[in-house]
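There are 2 protein chains.
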Amino acid sequence: MVDIATRVHNHNWKIDPIVRSLIDTDFYKLLMCQSIFRNKPDTTVEFSLINRTKAVRLADLIDEGELREQLDHVRSLSLSRGESTWLRGNTFYGKRQMFRPDFMEWFENLRLPPYHLEKRDGQYELTFEGKWPEVMLWEIPALAVLMELRSRAVLKGMGKFELQVLYARAMTRVWEKIERLREIDTLKLADFGTRRRHGFLWQDWCVQALQEGLGDKFIGTSNCRIAMKRDIEAIGTNAHELPMVYSALADTDEELAQAPYQVLADWHEEHDGNLRIILPDTYGTEGFLRNAPDWLTTWTGIRIDSGDPVVGAEIAIRWWKDRGEDPTKKLVIFSDGLDVDKIEELHKRFAGRVRVSFGWGTMLTNDFRGLAGDRLNPFSLVCKAVSANGRPTVKLSDNPSKAMGPADEVTRYKRVFGVGEQTAMEVTV
Amino acid sequence: MVDIATRVHNHNWKIDPIVRSLIDTDFYKLLMCQSIFRNKPDTTVEFSLINRTKAVRLADLIDEGELREQLDHVRSLSLSRGESTWLRGNTFYGKRQMFRPDFMEWFENLRLPPYHLEKRDGQYELTFEGKWPEVMLWEIPALAVLMELRSRAVLKGMGKFELQVLYARAMTRVWEKIERLREIDTLKLADFGTRRRHGFLWQDWCVQALQEGLGDKFIGTSNCRIAMKRDIEAIGTNAHELPMVYSALADTDEELAQAPYQVLADWHEEHDGNLRIILPDTYGTEGFLRNAPDWLTTWTGIRIDSGDPVVGAEIAIRWWKDRGEDPTKKLVIFSDGLDVDKIEELHKRFAGRVRVSFGWGTMLTNDFRGLAGDRLNPFSLVCKAVSANGRPTVKLSDNPSKAMGPADEVTRYKRVFGVGEQTAMEVTV
Chain H
171 MVDIATRVHN HNWKIDPIVR SLIDTDFYKL LMCQSIFRNK PDTTVEFSLI NRTKAVRLAD
231 LIDEGELREQ LDHVRSLSLS RGESTWLRGN TFYGKRQMFR PDFMEWFENL RLPPYHLEKR
291 DGQYELTFEG KWPEVMLWEI PALAVLMELR SRAVLKGMGK FELQVLYARA MTRVWEKIER
351 LREIDTLKLA DFGTRRRHGF LWQDWCVQAL QEGLGDKFIG TSNCRIAMKR DIEAIGTNAH
411 ELPMVYSALA DTDEELAQAP YQVLADWHEE HDGNLRIILP DTYGTEGFLR NAPDWLTTWT
471 GIRIDSGDPV VGAEIAIRWW KDRGEDPTKK LVIFSDGLDV DKIEELHKRF AGRVRVSFGW
531 GTMLTNDFRG LAGDRLNPFS LVCKAVSANG RPTVKLSDNP SKAMGPADEV TRYKRVFGVG
591 EQTAMEVTV
Chain G
171 MVDIATRVHN HNWKIDPIVR SLIDTDFYKL LMCQSIFRNK PDTTVEFSLI NRTKAVRLAD
231 LIDEGELREQ LDHVRSLSLS RGESTWLRGN TFYGKRQMFR PDFMEWFENL RLPPYHLEKR
291 DGQYELTFEG KWPEVMLWEI PALAVLMELR SRAVLKGMGK FELQVLYARA MTRVWEKIER
351 LREIDTLKLA DFGTRRRHGF LWQDWCVQAL QEGLGDKFIG TSNCRIAMKR DIEAIGTNAH
411 ELPMVYSALA DTDEELAQAP YQVLADWHEE HDGNLRIILP DTYGTEGFLR NAPDWLTTWT
471 GIRIDSGDPV VGAEIAIRWW KDRGEDPTKK LVIFSDGLDV DKIEELHKRF AGRVRVSFGW
531 GTMLTNDFRG LAGDRLNPFS LVCKAVSANG RPTVKLSDNP SKAMGPADEV TRYKRVFGVG
591 EQTAMEVTV
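These protein sequence lines are chains H and G, in that order.
In terms of my numbering, the first sequence is residues 171 to 599.
In terms of my numbering, the second sequence is residues 171 to 599.
Careful, some of the hints might be misleading.
Unchecked claim - Sample of chain H residues facing chain G (criterion: CB under 7 angstroms; computed from the structure): (1) Asp173; (2) Glu278; (3) Met328; (4) Gly329; (5) Phe331; (6) Ala338; (7) Arg339; (8) Met341; (9) Trp345; (10) Ala379.
As the list claims (entries may be wrong) - List time: in silico BS3-like cross-link candidates among lysine-lysine, alpha-carbon distance up to 27 angstroms: (11) G:Lys387 <-> G:Lys499; (12) H:Lys399 <-> G:Lys330; (13) G:Lys330 <-> H:Lys330; (14) G:Lys326 <-> H:Lys387.
Stated by the list, open to error - Derived contacts from chain G toward chain H, CB cut-off under 8 angstroms, selection only: (15) Asp173; (16) Gly329; (17) Phe331; (18) Gln334; (19) Val335; (20) Arg339; (21) Met341; (22) Thr342; (23) Gln378; (24) Ala379; (25) Glu382; (26) Gly385.
I should point out that these hints are in silico values taken from the structure, not numbers from a laboratory.
Note that the structure is predicted; figures quoted are calculated from it, not measured.
No residue lacks a Cβ here, since even glycine has one placed at the ideal position from N, Cα and C.
If we strip away everything but chain H, and leave its shape as in the complex, we get (with noise of 0.2 angstroms):
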């Protein structure tokens, strides 16, 4: 077993480089880039990292030197033999061969693009510009990097056994949440903290945390390197850059209402089973489910991942039972902010109803709440499509405190999507 607080203390960038792989990224970036590489190869779009959480200063606690020679480090990757061969030969969702040949010929020859890195009021700017399929794998790794940085840079000066004890406290409180969600029947739950994570090695232990002690309640992690390593399946379906993007490249206010299903309805060529998972949220739930075909109603679930989780999956099954489908079949995945609290609440109020999933993200890979005074605390730093084709993309969400998009673009889109008052819920991670 690997011993992190030592490895931490003596952490060199060359032996812990923080991305190690191409594939230390999550599963759907992967099933959205083959999608994007199928429909949509020539768009070209600007990512950019965004801290919603002003108070953390990331360019005065991370040195711009160790940053670039962590992204430098990320465009020196490239896929490695062991990983293509899973990749083309593993079974994924009960399905072989879900990564075509010619996307796997174009994946292994792939190199990361370019990034482009500014500091503004404390602030980093870090943005990527190109092709989306490729600019769209910067994602995880470029908040993967920031994340870890930051921890370090906390870290640093620690003694030995101080790290070691840190570390201690932060396994304690990992198995202790552990402990509680084991007593959950029916439990299903994943890790999806890959971009939130503390550390890779970090998480690659939460992970074997959860294998051990949850048992079949574990199914699998967002994480395809940690999956593979760890001999357990990939887990994740779709995000909200597909609707941001095919919304920004719709040329009518007709177009920009039907994009977020056309979408699913590639998703649907390509997908089926377990994979055909709505995410209903990027223009608001209740105007997507209303408006959406009857097609849509066959799917197989839908996640929750922003607004009133509870709202969210009352909504999705009174659409369900309106429309005819028998929702005790259907999949809802909570994936929004989740702790243990939360877990089980929703699992209390919604198990036997639906069939309940949860991804669980920053409380399970980065809770150092208080461990460090309030240095580790998790923060809100995400990294999102901006604009494509040169013109600027717009998420609304179910909650106004993750709306992103010029106010104008926003104020159409809410027209177009039918958008009334929300609720703004904070968002601490």
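Starting from the known structure of chain H, fit chain G onto it as the hints suggest.
Quick look at chain G alone, frame taken from chain H:
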């Protein structure tokens, strides 16, 4: 840094024998051994294991085959060249060549004598008979073997992560104690935890944590092997076995009354400075000091190892004052059943009035209370000289719960040493 949890999980006595070296023992055993080698080399003694905590049924917990393997392994050990060099060349208590060439030569050729092992009523009867200088060296390894086999028996079958979290909790607990202790100005504290340790690796971890956490307030360890390995001071002076055996050898009541002073007279010849520490409680502290010869008042200090430590230290202070000594120049070493609360309390009460020092044992190296139900809770195991040249030994102590010896002899000793009513205190460790 050693990953203890993994080592314990994969443990195999051939990789991790419990006792790794003849100097994996307390420093005072070696000092006493040399003294006995010089003064009483031909005395025959019997040492015996005594489990004061009957509820812990060692023979039910620990496999006899494993116990014999470990004891046989101890008998296979001899002093390594590096250990011999260290003992011969190192400075102990500021003095070079503490161990004389004739003693070192004898020690280099030593193998521990046979043991006798039987099961009775869920306990092991483990005894050692032979020449005092040889047999007395069994005490610490025998205790360490039984303590660690008990730990291993409880930990057997735990999962890797369950174990890691158990150690994480134990580490956090030790560290939180250290964080409290380092707030005490002028603290002087040594590790006295070898005999009751959870395990060798764990004691070694605790010592390193004390080094980092307490800095100069940590003055050393009683464990020679760890002192050598970690390049720190080896700490210790003398123990009850000296007056117990000297007393058993006395032919008359008059000789008996003088025996404890004869021990210190012999010690006086051999040692000076911080090694001149009175251990007064074998047959009652009060009487011992009352009848002590004047030259003893010039000794550096006293070790309080049973009874109410406040009472013991106050008696010593009064005694020094009565005999015209300045208590502020004297050293009081507390070493009985300490934990942080008591250390804080004793330091607060006595710092400044005397020089205070602490020998912290079981609650440093074996505080796993509650971490596996009560199955890892500390218990009170000792290994004592029970006879010398065929005569039973007696200990009265300042706490009658720690007394030992045949009833008629106890009565005789009480009369000879003028010990009246004593207050029994629970012995938990």
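Taking the hints in turn, this is what the structure says about them:
With its C-beta approaching chain G no nearer than about 4 angstroms, Asp173 of chain H sits inside the 7 angstroms limit, and its interface hint holds. Given the 7 angstroms rule on beta carbons, the hint for Glu278 of chain H is violated: about 35 angstroms separates it from the nearest Cβ of chain G. Below 7 angstroms, beta-carbon pairs count as interface contacts, and Met328 of chain H has none with chain G, the closest being about 10 angstroms; its hint is therefore violated. With a least beta-carbon distance of about 5 angstroms to chain G, the hint placing Gly329 of chain H at the interface is held under the 7 angstroms criterion.
At its closest, the beta carbon of Phe331 of chain H sits 4 angstroms from a beta carbon of chain G; the interface hint therefore holds under the 7 angstroms criterion. At about 4 angstroms, the closest approach between the beta carbon of Ala338 of chain H and any beta carbon in chain G falls short of 7 angstroms, and the interface hint on this residue holds. Contact between Arg339 of chain H and chain G, as hinted, is supported at the beta carbon level, the nearest pair being about 5 angstroms apart and thus within 7 angstroms. Of the supplied interface hints, the one on Met341 of chain H holds, with its beta-carbon coming within about 4 angstroms of a beta-carbon of chain G, less than 7 angstroms.
Because the beta carbon of Trp345 of chain H sits about 4 angstroms from the nearest beta carbon in chain G, less than 7 angstroms, this interface hint is met. Because the beta carbon of Ala379 of chain H sits about 5 angstroms from the nearest beta carbon in chain G, less than 7 angstroms, this interface hint is met. Taken as a hint, the Lys387 of chain G and Lys499 of chain G pair is honoured in the structure, with Cα atoms around 19 angstroms apart against an allowance of 27 angstroms. Taking the CA atoms of Lys399 of chain H and Lys330 of chain G, the gap is about 17 angstroms. The hint holds against a cut of 27 angstroms.
Distance check on the hinted pair: Lys330 of chain G and Lys330 of chain H sit about 23 angstroms apart at the alpha-carbon level, within 27 angstroms; holds. For a cut-off of 27 angstroms, the pair hint linking Lys326 of chain G to Lys387 of chain H stands: about 25 angstroms separates their Cα positions. The closest approach between the C-beta of Asp173 of chain G and any C-beta of chain H is roughly 4 angstroms, which is under the 8 angstroms cut-off, so the hint is satisfied. The criterion of a C-beta within 8 angstroms of any C-beta in chain H is met by Gly329 of chain G, whose closest approach is roughly 5 angstroms, and the hint holds.
The interface hint given for Phe331 of chain G holds, since its Cβ lies 4 angstroms from the closest Cβ of chain H, which is under the 8 angstroms cut-off. A cut of 8 angstroms between beta carbons decides the hint on Gln334 of chain G: the least distance to chain H is about 6 angstroms, and the hint holds. Checking Val335 of chain G against chain H: minimum C-beta separation of about 4 angstroms stays under 8 angstroms; hint holds. Residue-level restraint check for Arg339 of chain G holds (minimum Cβ-Cβ distance to chain H is 5 angstroms; threshold 8 angstroms).
Proximity of Met341 of chain G to chain H holds as hinted, the smallest CB-CB distance being about 4 angstroms (cut-off 8 angstroms). For Thr342 of chain G, the suggested interface contact is upheld, since its CB lies about 5 angstroms from the closest CB of chain H, less than 8 angstroms. Hint on Gln378 of chain G holds. Least Cβ distance to chain H is approximately 6 angstroms, under the 8 angstroms limit. For Ala379 of chain G, the interface hint holds, the least distance from its beta-carbon to any beta-carbon of chain H being 5 angstroms, beneath 8 angstroms.
Here the hint on Glu382 of chain G is kept, as its CB sits about 4 angstroms from the closest CB of chain H, short of 8 angstroms. With a cut of 8 angstroms, the hint placing Gly385 of chain G at the interface with chain H is violated, because the nearest CB-to-CB distance is about 10 angstroms.
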